[in-house]
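Peer 1: One letter stands for each residue in the lines below.
2 protein chains.
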Amino acid sequence: MAEVALLGFKPQLVVPGMKAEAAVRFYKAAFGAEEIGRVAHPKRKAEQECPLILSAELKIGSSLILVSDCFDAAGEESAAAAGGGGIAFRLEAEDVDAAVKKAVAAGAEVMSEVSEEEGSLLGKVKDPFGVVWAIAAVGKKSPEPEA
Amino acid sequence: MAEVALLGFKPQLVVPGMKAEAAVRFYKAAFGAEEIGRVAHPKRKAEQECPLILSAELKIGSSLILVSDCFDAAGEESAAAAGGGGIAFRLEAEDVDAAVKKAVAAGAEVMSEVSEEEGSLLGKVKDPFGVVWAIAAVGKKSPEPEA
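Going down the list, the protein sequences come from chains A and B. Following my numbering, the numbering of the first sequence begins with 837 at its first residue and continues without gaps. Following my numbering, the numbering of the second sequence begins with 837 at its first residue and continues without gaps.
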């Protein structure tokens, strides 16, 4: 199979029970995490008391981790519900379709077909070891929060 | 609490059923992973057919991941059994004791006390969100394989 350019991945912690905000606070207190970015869910209004965190990016030492509230969009299975204990890997690819096809050819199972989501092309596969990989296009940013 | 220097973490996938070798092969096929290091379990002989992988380090794009067979040493709970869906984070700290104390003060629970393990100081905590953090000393390498 042809080479597929993958740029790297970040672990993404999907927190159930609307506790992503609490998780962010915990990682700051426990590991001195620095919050370097946050994207609220675009359907939430800024004045709501408890905004859903689509993705907060934290830096712990030199490493990056994404923390997200668990939510179901359009009936899509959430990463937490689908296994992996709430931890998924967000893998950046130059060609999302090719990357998903290569993973499937190697034995991964499609969890959600490649589609435009969160402002970027995204496909999800589960590997034979139960790990969820969200394969996303490189350089496409999620929408800015409506702050 | 005083600052605790953390250098960063690597995700560690703990694979049950002696399938770490299969997982390494899968990640090479699926994501073009490059194996940049492997440490076999020091109690295994190299001539054994199916060596336990203490830790294989893979590079996917610019990111690193550790893949390990799941095994119980000295009655220690395995990461897979303890939650986190087989994914833990190996966090490098300059002062393991201080890092564990700070995490516990913030709400993490000790899974195994700090002790000399795999050739380096290591303590394990589980955070309030179910994620296992193996906090290890910086720069101490695991023992070389008996190849």
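Simulated from the structure, these hints should not be mistaken for lab results. Possibly wrong hints are sitting among the right ones.
Pairs involving identical chains hold if they fit within one copy or between any two copies, as the list cannot separate such chains.
[Unchecked claim] Taking lysine-lysine and the DSSO-like style, the derived pairs with C-alpha atoms no more than 27 Å apart in a straight line are:
(1) Lys962 - Lys846
(2) Lys864 - Lys962
(3) Lys962 - Lys937
(4) Lys864 - Lys937
(5) Lys864 - Lys846
(6) Lys895 - Lys855
(7) Lys937 - Lys855
Peer 1: Should Lys962 paired with Lys846 be assigned to within, between, both, or neither, using CA atoms and 27 Å as the limit?
Peer 2: both (16 Å within a copy, 20 Å between copies)
Peer 1: With 27 Å as the alpha-carbon cut-off, assign the pair Lys864 and Lys937 to within, between, both or neither.
Peer 2: between (38 Å within a copy, 14 Å between copies)
Peer 1: For Lys962 and Lys937, with the copy left unspecified, which applies at a CA distance of at most 27 Å: within, between, both, or neither?
Peer 2: Within one copy, since 13 Å is at most 27 Å while 35 Å is not.
Peer 1: One pair to classify: Lys937 and Lys855, alpha carbons no more than 27 Å apart. Within, between, both, or neither?
Peer 2: between (34 Å within a copy, 23 Å between copies)
Peer 1: State whether the alpha carbon distance between Lys895 and Lys855 is at most 27 Å within one copy, between copies, both, or neither.
Peer 2: Intra 19 Å, inter 31 Å, cutoff 27 Å: intra-copy only.
Peer 1: Go through the copies and call it for Lys864 and Lys962: within, between, both or neither, with a Cα cutoff of 27 Å.
Peer 2: between (30 Å within a copy, 16 Å between copies)
Peer 1: Evaluate Lys864 and Lys846 at a C-alpha cut-off of 27 Å and name the case that applies: within, between, both or neither.
Peer 2: Both: 18 Å inside a copy, 18 Å across copies.
The structure is consistent with each of the numbered hints, conforming to all of them.
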